[in-house]
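Visitor: Sequence:
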Amino acid sequence: MSDRTTVRTFAAQDSCLVHRQSPVSRLLKVHRLHNFLLSSNAGPLHPIHGNEQGIAISRRLASMSSPPDVVYSSSLHRAVSTSQLIVHALGKTKNSVRVEDGLIEWLTPSLTVEPDGSRLSPRTVQQLIDMTFTEIDPDYKSVNPLATDPNNVSEGAPYFFESEEYLMTRARVTMDRILENADGKNFCIVSHTPTAQAMALYLEGAASLEESKLGPWPLGGITLFTRDEGEEKWNMEMYADCSHMPGEYKNGLKEWSLPCLTKK
Numbered sequence: 046m047s048d049r050t051t052v053r054t055f056a057a058q059d060s061c062l063v064h065r066q067s068p069v070s071r072l073l074k075v076h077r078l079h080n081f082l083l084s085s086n087a088g089p090l091h092p093i094h095g096n097e098q099g100i101a102i103s104r105r106l107a108s109m110s111s112p113p114d115v116v117y118s119s120s121l122h123r124a125v126s127t128s129q130l131i132v133h134a135l136g137k138t139k140n141s142v143r144v145e146d147g148l149i150e151w152l153t154p155s156l157t158v159e160p161d162g163s164r165l166s167p168r169t170v171q172q173l174i175d176m177t178f179t180e181i182d183p184d185y186k187s188v189n190p191l192a193t194d195p196n197n198v199s200e201g202a203p204y205f206f207e208s209e210e211y212l213m214t215r216a217r218v219t220m221d222r223i224l225e226n227a228d229g230k231n232f233c234i235v236s237h238t239p240t241a242q243a244m245a246l247y248l249e250g251a252a253s254l255e256e257s258k259l260g261p262w263p264l265g266g267i268t269l270f271t272r273d274e275g276e277e278k279w280n281m282e283m284y285a286d287c288s289h290m291p292g293e294y295k296n297g298l299k300e301w302s303l304p305c306l307t308k309k
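Throughout the sequence shown, residue numbering follows my numbering, covering 46 to 309 in sequence.
In silico lysine-lysine, DSS-like type, Cα no more than 25 Å apart, as pairs:
| id | residue 1 | residue 2 |
| --- | --- | --- |
| 1 | Lys230 | Lys278 |
| 2 | Lys299 | Lys258 |
| 3 | Lys308 | Lys258 |
| 4 | Lys137 | Lys230 |
| 5 | Lys230 | Lys186 |
| 6 | Lys230 | Lys139 |
| 7 | Lys258 | Lys295 |
| 8 | Lys139 | Lys186 |
| 9 | Lys258 | Lys278 |
Across the chosen pairs, the derived CB separations fall in these ranges:
| id | residue 1 | residue 2 | range |
| --- | --- | --- | --- |
| 10 | Thr193 | Glu277 | 32 to 38 Å |
| 11 | Asp184 | Ser288 | 33 to 39 Å |
| 12 | Asn226 | Gly136 | 22 to 28 Å |
| 13 | Gly136 | Ala252 | 39 to 45 Å |
| 14 | Gly136 | Pro160 | 42 to 48 Å |
| 15 | Ala251 | Asn140 | 32 to 38 Å |
| 16 | Pro304 | Glu200 | 20 to 26 Å |
Read the hints as simulated data drawn from the structure, not as lab findings. Just so it is clear, CB atoms sit at the ideal spot from N, CA and C, and this is done for glycine as well.
Turn these sequences into a full structure, and let the hints steer you where they fit.
Guide: Right, dumping it as structure tokens:
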């Protein structure tokens with residue numbers, strides 16, 4: 046039996062990760078690019094394009110030799126919608142989506158505050174279940190809960206408002222805790238572009254941003270990380286593969302990068 050640990054990272058418009066513990070670990074990340082404020086964009090997927098892209102990603106996941114057993118998802122509507130498509134493609138619906146606060150969008154004003162001053166307000170697990178997202182596991186407790194008091198924030202907890210440096214800390218803490226609590230299952234993480242890219246930077250482990258191989262992340266792109274069991278270093282074997290995406294999106298459209306990567 047193989048002792049290779051594999052992490053697959055997918056980039057689409059809300060984000061996803063598949064991880065399998067021993068002896069093989071698989072992690073898949075899907076993120077979706079947002080072209081307008083997240084507080085507006087927390088609604089459902091586009092009824093045509095969004096669903097078409099989500100189905101393409103779901104089919105790619107379902108065709109893998111080691112598909113995910115469970116999906117970790119941001120609580121935002123579009124992310125949960127993508128997660129729903131994925132678990133149905135996998136034939137794993139009941140209690141197969143774990144809503145994780147640590148995977149929410151980068152909580153910075155430019156992405157989470159409307160021009161009128163209204164701020165993103167994430168839904169609770171019960172509110173999402175009541176919206177017909179019955180695939181959500183109601184008993185799962187977030188491993189990195191959203192901080193409700195900005196004056197009392199534990200290390201890496203998501204809170205309003207985060208600097209880019211703090212987002213990196215949140216990504217590291219969330220990833221470590223998910224890996225520790227995955228119960229030996231393959232898993233998929235559905236999140237958002239900034240959070241997904243911060244997690245990829247953490248897994249890549251480059252000594253500096255200048256040495257990082259990460260570049261702009263296109264809609265639906267897939268990145269693959271692997272490591273042998275017992276080793277700490279991840280190896281990035283694939284970056285931003287869009288071959289599963291429909292139409293012109295196969296060519297890698299709607300690229301986005303964290304500000305720190307655009308300054309390389």
